[in-house]
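S.K.: Respectively, the protein sequence lines represent chains G and Y.
Residues 1 to 286 in the numbering used here are what the first sequence lists, from first letter to last.
Residues 1 to 281 in the numbering used here are what the second sequence lists, from first letter to last.
It is possible that some hints are incorrect.
Claimed, not checked - Quick look at which bits of chain Y chain G covers, simulated, 3 or more residues with Cβ under 8 Å:
#	stretch
1	9-20
2	185-191
3	195-209
Don't read these hints as lab results, they were simulated from the structure.
Note that the structure is predicted; figures quoted are calculated from it, not measured.
No residue lacks a Cβ here, since even glycine has one placed at the ideal position from N, Cα and C.
Below, each chain spelled out in residue letters.
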Amino acid sequence: MSVKFENVSFLYLPKTPFEHLALDGIDLEIKDGTFTAIIGHTGSGKSTLVQHINALLRPSKGKVLVGDYVIDAADKKVNKLQELRKYAGLVFQFPEYQLFEETVLKDVAFGPKNFKDSEQVALEKAKKALSLVGIEESLFNKSPFELSGGQKRRVAIAGIIALEPQILVLDEPTAGLDPQGAKEMMSLFKTINERGTTVIMITHDMDNVLKYCDRAVVMKDAKIVKIEQPSELFKDEELLKEISLEEPHIISFAKKLIANGMNLELSEIKDFDSLIAQIEKARSVK
Amino acid sequence: MKNIALGRYVPYDSFLHRLDPRTKLLSLIALMIMIFFKFSSTAMNFFIYALLLIFIYVLMRISHIKLKTLFKSLKAMWVMILFLLIINVLMPSTGPYFDIFGFKLYHNAIYNTLYIVIRLVMMIALTMILTTSTKPLDLTYALEWLLHPLKYIKVPVHEISMIISLALRFIPTLLEETERIMKAQSSRGVDFEQGKLKDKIRAIVSLIIPLFISAIQRSEELANAMEARGYDPSGQRTRYRKMQWQMKDALSLVFIVLLFGGMITLLVTSFDFFLMMGFVL
Chain G
1 MSVKFENVSF
11 LYLPKTPFEH
21 LALDGIDLEI
31 KDGTFTAIIG
41 HTGSGKSTLV
51 QHINALLRPS
61 KGKVLVGDYV
71 IDAADKKVNK
81 LQELRKYAGL
91 VFQFPEYQLF
101 EETVLKDVAF
111 GPKNFKDSEQ
121 VALEKAKKAL
131 SLVGIEESLF
141 NKSPFELSGG
151 QKRRVAIAGI
161 IALEPQILVL
171 DEPTAGLDPQ
181 GAKEMMSLFK
191 TINERGTTVI
201 MITHDMDNVL
211 KYCDRAVVMK
221 DAKIVKIEQP
231 SELFKDEELL
241 KEISLEEPHI
251 ISFAKKLIAN
261 GMNLELSEIK
271 DFDSLIAQIE
281 KARSVK
Chain Y
1 MKNIALGRYV
11 PYDSFLHRLD
21 PRTKLLSLIA
31 LMIMIFFKFS
41 STAMNFFIYA
51 LLLIFIYVLM
61 RISHIKLKTL
71 FKSLKAMWVM
81 ILFLLIINVL
91 MPSTGPYFDI
101 FGFKLYHNAI
111 YNTLYIVIRL
121 VMMIALTMIL
131 TTSTKPLDLT
141 YALEWLLHPL
151 KYIKVPVHEI
161 SMIISLALRF
171 IPTLLEETER
181 IMKAQSSRGV
191 DFEQGKLKDK
201 IRAIVSLIIP
211 LFISAIQRSE
221 ELANAMEARG
231 YDPSGQRTRY
241 RKMQWQMKDA
251 LSLVFIVLLF
261 GGMITLLVTS
271 FDFFLMMGFV
281 L
């Protein structure tokens, strides 16, 4: 019960002048209950990769195993496609564009209803999801188009959370949010992860990768170049330079402290709290 | 989704791609008119059609369009062809006929249907050649140039061509948006391929509403961006890339004019090559 890519390649628009290889021989295993970040530059194949997880895209070559579901390039149809889409929920970049119902509550209940939940159950799930993302009850009967940008984003994400997926895939969920909103979103995903849901997230924010994720998958030119723990990954300056990734701000700050003679353990630093703990430790030793 | 993009610009470097868009537009208009000529006899009509079809096929080869692509876009036409045939068969006509159990199936009915089908195929092929070999923006420049004389009778030519070029510019964007929203709604359990009529309508609604909203938002943003940069439709403007007549444009136009002139001559003199040979269809 995990997500597994076996030698997956994906050819975009085959047999046309626009043809290009968007994924090239991907081997990847993501274990249940983990929080995985997928990082890399625009056009490196991150979005293409995650769209294979709920079979929005089918591999041109190879096999994707998601839980008990198999997406094989050789098969024309995916078995139990609807069930798979409920099992692995995907939140697109700028998901607020998918809102369309008359009220917030109806929009979030739209997904569960599609998966054959009764009206009653769907509304229950919608309310639960909305309270989880921090939308107040007074907004439930408003039109989603009257909300602010950040609220729209929360409602759209609630639309997927209401499906109660085992795997939650997020494509740059914090892009365009204000810092406070982004922080709240990230801790929400952490909470969901701690309840046992596997979370896979595409992101450009390296501080978030360091703070929240157990593993980072680095992509470049349609290939996976590195799968590593974030704290290890950001230590390797040469690799970072090679794949032109920026290190998290907190790491560059810590490195400057180390360069000025402070004795910090870099792999222990994940966020402000752990940095402060390290600094205090270093000072008490003195 | 990829099928909708049939006939969109494909960046090859062929003779037709390099021609001036104005040449291509003028030639297309001339050829379109020629398609609708009717000559003095059936045999003559088919003979000219055969020549034109060969010519169009050569153009397709030059611009790298495969016959398969053309047939794909003709797929939806079968119903129409059948409909035309039925109408034509039921229309009273004159001349020779087949007798099918007392029902008079006139030769003319079949010929007329064939004419329309051939004309449609040629029209689609020609438009396809134009749109695959010409960038949409170049095409609107050509259109603006062609409509230029209308300025003197106060037709807002620039505004019209700006509207057309904006519309063309946003076709790929909207297609992309459609695909994105379809994927997003599929992730929420919408099935766009199967399902009962009621489910299908629901699926379409979940696509159309977000699409409209984003299109309206986008147009508002675009209008603001244009105004912020001082866009004034009545202003005098220069162009970054000037269209330039070249030798190959002149030669192509001369060829089209000769072809057109030849056809007109045949038409006016009711010349019939086959009648001269003593052949009647």
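S.K.: Closer than 8 Å, Cβ to Cβ, for at least three residues: run that test on the stretch 195-209 of chain Y against chain G and report holds or violated.
M.R.: Three-residue rule met by the stretch 195-209 of chain Y, so holds; n is 3.
S.K.: Please count how many residues of the stretch 185-191 of chain Y have a CB within 8 Å of a CB from chain G and say whether that reaches 3.
M.R.: holds (count 7)
S.K.: Mind checking, does the stretch 9-20 of chain Y have 3 or more residues with a CB under 8 Å from chain G?
M.R.: holds (count 3)
Going through the hint list in order, the structure satisfies each hint without exception.
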